[in-house]
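Q: The task is simple: from the sequences and hints, build the whole structure.
Protein chains in written order, with the numbering used here: chain A, 1 to 266; chain B, 1 to 222; chain C, 1 to 222; chain D, 1 to 210; chain E, 1 to 210.
Hints in this document: simulated from the structure, not taken from any laboratory.
There could be a bad hint or two in this list.
Residues from chain A shown here face chain C by an in silico Cβ test under 10 angstroms; the list is partial [to be verified]:
1. S118
2. L119
3. M124
4. T127
5. W128
6. D132
7. T136
8. F143
9. M149
10. A150
11. A154
Pairs of lysine to aspartate or glutamate, DMTMM-like flavour, derived with a Cα cap of 20 angstroms [as the list claims (entries may be wrong)]:
12. B:K217 / A:D157
13. E:K193 / E:E30
14. D:K54 / D:D21
15. D:K135 / A:D156
16. B:K217 / E:D69
C-beta: ideal position from N, C-alpha, C; glycine also.
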Amino acid sequence: MYLYKFGKMIFHKYANPTRFLKLASTIQPWAAAATIGFLLAGLYFALLSSPGDYQQGETVRIMYIHVPAAWMAMFCYTAMAAAAAVGLIWKHPVAELAARATAPIGACFTFLALFTGSLWGKPMWGTWWVWDARLTSVLILFFLYLGYMALSNAFDDPARGSKASSILALVGFVNVPIIKFSVDWWNTLHQPASVIKMDGPAIHASMLIPLILMAFAFKAFYIWVMLMRIRGEINEGKIRALRLRQVHGGPPSRTTILEKTTEGAR
Amino acid sequence: MNTFISIVRRDLQLAMRQGMDSVMVVAFFILAVMLFPFGVGPEANILARIAAGVIWVAALLSSMLSLERLFQIDYEDGSLELLALQPCALEITVMAKITAHWLTTGLPLLIATPLLAVFMSLPSDGFWALLFTLAIGTPSLSLIGAIGAALILGSRRGGVLLSLLVLPLYIPVLIFGVSAVDGAISGLPIKAHLLIMAGLLVAALPLCPWAGAGAIKQALET
Amino acid sequence: MNTFISIVRRDLQLAMRQGMDSVMVVAFFILAVMLFPFGVGPEANILARIAAGVIWVAALLSSMLSLERLFQIDYEDGSLELLALQPCALEITVMAKITAHWLTTGLPLLIATPLLAVFMSLPSDGFWALLFTLAIGTPSLSLIGAIGAALILGSRRGGVLLSLLVLPLYIPVLIFGVSAVDGAISGLPIKAHLLIMAGLLVAALPLCPWAGAGAIKQALET
Amino acid sequence: MALFSGENILCFRGERTVFADLSFRIQLGEALVLRGPNGSGKSTLLRLMAGLLKPHDGTITWDGENISDDPEGHNAHLHYVGHADAVKPVLSVHENIVFWANLRANAGPIEAALDAFGIGYLTDVPGRFLSAGQKRRVNLARILASPAELWLLDEPTTALDAEAISDLEREIATHRASGGMVIASTHTEIGLKDARILNLDDFRLTEDAA
Amino acid sequence: MALFSGENILCFRGERTVFADLSFRIQLGEALVLRGPNGSGKSTLLRLMAGLLKPHDGTITWDGENISDDPEGHNAHLHYVGHADAVKPVLSVHENIVFWANLRANAGPIEAALDAFGIGYLTDVPGRFLSAGQKRRVNLARILASPAELWLLDEPTTALDAEAISDLEREIATHRASGGMVIASTHTEIGLKDARILNLDDFRLTEDAA
Ligand code: HEM
Ligand SMILES: Nc1ncnc2c1ncn2[C@@H]1O[C@H](COP(=O)(O)OP(=O)(O)OP(=O)(O)O)[C@@H](O)[C@H]1O
Ligand SMILES: Nc1ncnc2c1ncn2[C@@H]1O[C@H](COP(=O)(O)OP(=O)(O)OP(=O)(O)O)[C@@H](O)[C@H]1O
Ligand SMILES: [Mg+2]
Ligand SMILES: [Mg+2]
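A: Here's what the structure looks like:
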């Protein structure tokens, strides 16, 4: 209960879409710049200045895409589930939009991880695909993203869609720890974690640096695109409200009311 | 408790009277399994090799298909909102409906399994393991599927959407179910698998009615 | 002809706008195929042996699931009776809806097949045969399934009933489709199989719209 | 001169006799109003006239020819407005109407049809945003967008407000003036000049007549 | 003494504001009638009162306690009659009602409830044979079969004939006399003695108020 009230206090501030839009438009250019900067630096180290692996040769460079993409796949789902929870518990409209905006980005990163993983698997394991726990759970993650998107678009009323899909996002979250720990719980072909571990990274700095840079680039990209998509959704909501007013006449939309009520709370 | 029993009894009564529910699910189960001798060819050793997997997959699909209507009819005729307005937690109602669903679909599947095992020449070592894993696996399927069935209430498309939501969540049950049977056939100990499956069931038992009730409350807010 | 094109165009438009129709069917197709590596075990040689059968069965099931709503939505919102009251034979309308259905589900399945062939390690000799048999087989599935979809209009249970009506009729398509692929893998001539499948399609082409139209007329008499 | 008539129609629904020995006839420019309490068979008769149902006995003819001999030809003569409005939620009002108009040989201008029912301003609005009354107007605009001689209207005023009802009365009058026929069932009063009335209660079989 | 009240309720449906700043209060023995044109939010308010919807702002309280703090407790106080009748086609009238009555702690005699709405003779008839009005009577008999203090009735007279409406008026009077409360939405007149009226049109936000 106290947690609920505390959360309400924190989140109330950005329930106002206009204030959120203002914040978003300041962050967005920075995120875009960071994406490009980190990406260029990361690619330079990854492709030019880092060594090939003594075992894997040049194919090791796939890693600099694969690993950050895989991280992002899990990160986006976590973020989506968290936003969904905030949306459900505190009825926070921007959080709902954030969850909806995250899903397609996460799905793309998941696809990228699967795709680069398969590309890498061919030279390393001699096959595009094996049915091991890590690969399988990532594939399931991909379908959870698809399910989320399908469900959120399956209703005539978008508010219904985002609530139903938020519940799905929370239920599907059980898969994330399975992905993370699948390599420890089952013995599989796939590499166990070597960067994010309890006792520090077990990987040489010349490979670690580009990896980290690429990871930052992907994060910045996520923030950039997500903000863009939320703004798009807010505008779409305004168009819908205009439409509704055109059809039914009269009452102002939810957004205007929210703006009024939260204005008072300041 | 009284509520629970009343609802289970009503749902069983409805299933009996409007007839054919269980019969149709079992018929689909048998048909789906039968497609494989046609699809894969009738060689007994291949069939035997894939028997457990095919039977499990068919059970999954039958369970999923029959779940589509779990809450749908009550939703459409207004019963669901009255159920939500009774002085007992909606979770209990959901649990009761899941129980009735399992009794009318999961149980008949179990009963039809021996026939299919013979049909697919399942090695006899695997028979009891198959029956046993289905017995503890199908309740998990009904439980997990109930979340999906509640989520699609009022949506524009039913069946395909439900499958997309539910099948990914079914996969763990399938994996352990089949590997237990395969283990039994190869003479390995399967206790660990069964324990994991029981664990899945125990985890789903409180979680799924809770999530399902949440989804139903959302659906009734229209 | 004008009518035919108008209806196909509208149905494609609807599928586009209410979104994800094709995506969902393909997702189910992939999911259904994926169940088998879990069910049967990931050994490549077993998978390769059953690949063609599994992919065909999954195509059958996806086609069936997506058919459930072929006429349902138009029936519920009153469009179907207006379509039946247009000055052109109802058979043409049915044919148009089947065509749109195939374009939004059958075709995407074909496009997804190469991916699944890789997943299931289908021997490369069978690849073109698989694609080709699916290309002439899936239209037959849509045609046959349309009869079932029309018959279930207004019934209390959709999915399971539809599968019972339709799956038995799908079996011939399945048998010839799979045996053509198996033949191609073993290097046998498969022309005979393909001819038979083409024959099935040619027979279904006039028959199914006619039967479907009849079933719709019955359904509208309420 | 076109003449639409039915003779000695007998109709069962779900093992009950709804009406028996019912006859009607209507000529160019005329209107026929169906009356009767709930369940007396108004909707049923309209569906018989449209050819959606077949009578168990008796004949329905158009210019002396049985309508079941050439159902498609009969369809070209008529427009039917039932309980459901057949408005697709994802298509705009304009797209909804264009689709139906293009299925006919003689599609007219869509805008005029929309304006006739005062929904010109909704042209680009998707169907899912419409209220029940607005959907009904779209459905009525549909039958203006491609002319046909016979209008079969099943409780056309449902969900309409007073203004829309007067639009409908005006359109019916125009249609009749240009030689059309209208058959409508209704519980409320609609102003159709010298319309003939068919009371379905008269054709119900009473217990002892049965 | 039981008191049911709401304060400053704000409600959105699908991004539109249905009503704002709405308050009501009702005590034992009182009746409240909700009025307003189509779409003004009568059904919405009844669902809020039942706890099926949550207000976006404001509180609804029972004896001073917020109903969302103890939803099951609130459910025990109330009976809700919505648009759908929840009559199962394959169960007999008696079985239909017994099921709902047994979910409550205080189930009374079923026969008396059936007789109150003149459907005692239908006891063993399966639901699928009932007409719309008969189904509505079954739904009303349900709320007699297990007493509760608060009745929430959403257009309860739909599909009822004159005789059934007077039965309903009598039952409402009895209920109030024994200390019950009734909140009903209706388009038609029903005879509720000195009922208070809540006109939902007064709480609609107009363009300039925003
Ligand atoms: C489609 C197939 C593949 C998938 C779905 C996949 C998935 C993943 C995921 C989810 C991670 C993140 C692990 C974590 O943060 O704990 C990861 C990391 C990694 N993957 Fe893959 N992978 C695939 C194929 C491969 C292949 C073929 C290789 C090379 C042999 C490979 C090498 C790695 C490495 C080195 C890491 C970094 C582990 C670490 O340092 O934490 N992966 N992969
Ligand atoms: N699908 C059906 N199956 C069986 N009987 C039906 C069906 N539809 C209608 N009936 C019966 O046919 C009779 C006539 O119904 P119809 O709908 O034509 O009445 P109506 O005059 O249009 O009534 P209303 O004023 O309610 O629209 C009714 O007694 C009804 O019980
Ligand atoms: N499921 C829904 N989703 C979005 N908006 C809705 C929904 N149901 C109703 N509304 C809107 O909420 C408003 C109030 O609807 P409500 O059904 O409460 O009206 P009402 O007063 O009961 O009308 P009626 O007299 O037609 O029963 C309407 O403007 C409607 O557009
Ligand atoms: Mg009628
Ligand atoms: Mg209402």
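Q: Hinted pair, alpha-carbon criterion (20 angstroms max): D:K54, D:D21. Please report holds or violated.
A: 15 angstroms, holds
Q: With a cut-off of 10 angstroms, does the beta carbon of A:A154 approach a beta carbon of chain C closely enough for the hint to hold?
A: Interface hint status for A:A154: holds (8 angstroms vs cutoff 10 angstroms).
Q: Measuring from the C-beta of A:M124 to each C-beta in chain C, is the shortest one below 10 angstroms?
A: 16 angstroms, violated
Q: Quick one, are D:K135 and A:D156 close enough, alpha carbons at most 20 angstroms?
A: Roughly 16 angstroms separates the two Cα atoms, so the pair holds.
Q: Hey, B:K217 versus E:D69, does the alpha-carbon distance stay inside 20 angstroms?
A: Roughly 16 angstroms separates the two Cα atoms, so the pair holds.
Q: Regarding the hint that A:W128 lies at the interface with chain C, is the smallest CB-CB distance below 10 angstroms?
A: 6 angstroms, holds
Q: Should the hint that A:M149 touches chain C count as held when the rule is a Cβ pair under 10 angstroms?
A: 7 angstroms, holds
Q: For the hint on A:F143, just tell me whether its beta-carbon gets within less than 10 angstroms of chain C.
A: For A:F143, the interface hint holds, since the closest Cβ of chain C sits about 6 angstroms away, which is under 10 angstroms.
Q: Close enough to count: is the Cβ of A:L119 nearer than 10 angstroms to one in chain C?
A: At about 12 angstroms, which exceeds the 10 angstroms cut-off, the nearest Cβ of chain C leaves the hint on A:L119 violated.
Q: Hey, does the A:T136 contact hint survive, CB to chain C under 10 angstroms?
A: Given a least distance of 8 angstroms, the restraint on A:T136 holds.
Q: Are A:T127 and chain C close enough, Cβ to Cβ, to be under 10 angstroms, as the hint says?
A: Where the cut-off is 10 angstroms and the nearest Cβ of chain C is about 7 angstroms from A:T127, the hint holds.
Q: Please verify that hint: A:A150, Cβ, nearest Cβ of chain C, below 10 angstroms or not.
A: Hint on A:A150: holds, closest Cβ of chain C at ~5 angstroms, below 10 angstroms.
Checked against the numbered hints listed earlier, the structure breaks hints 2 and 3; every other hint is satisfied.
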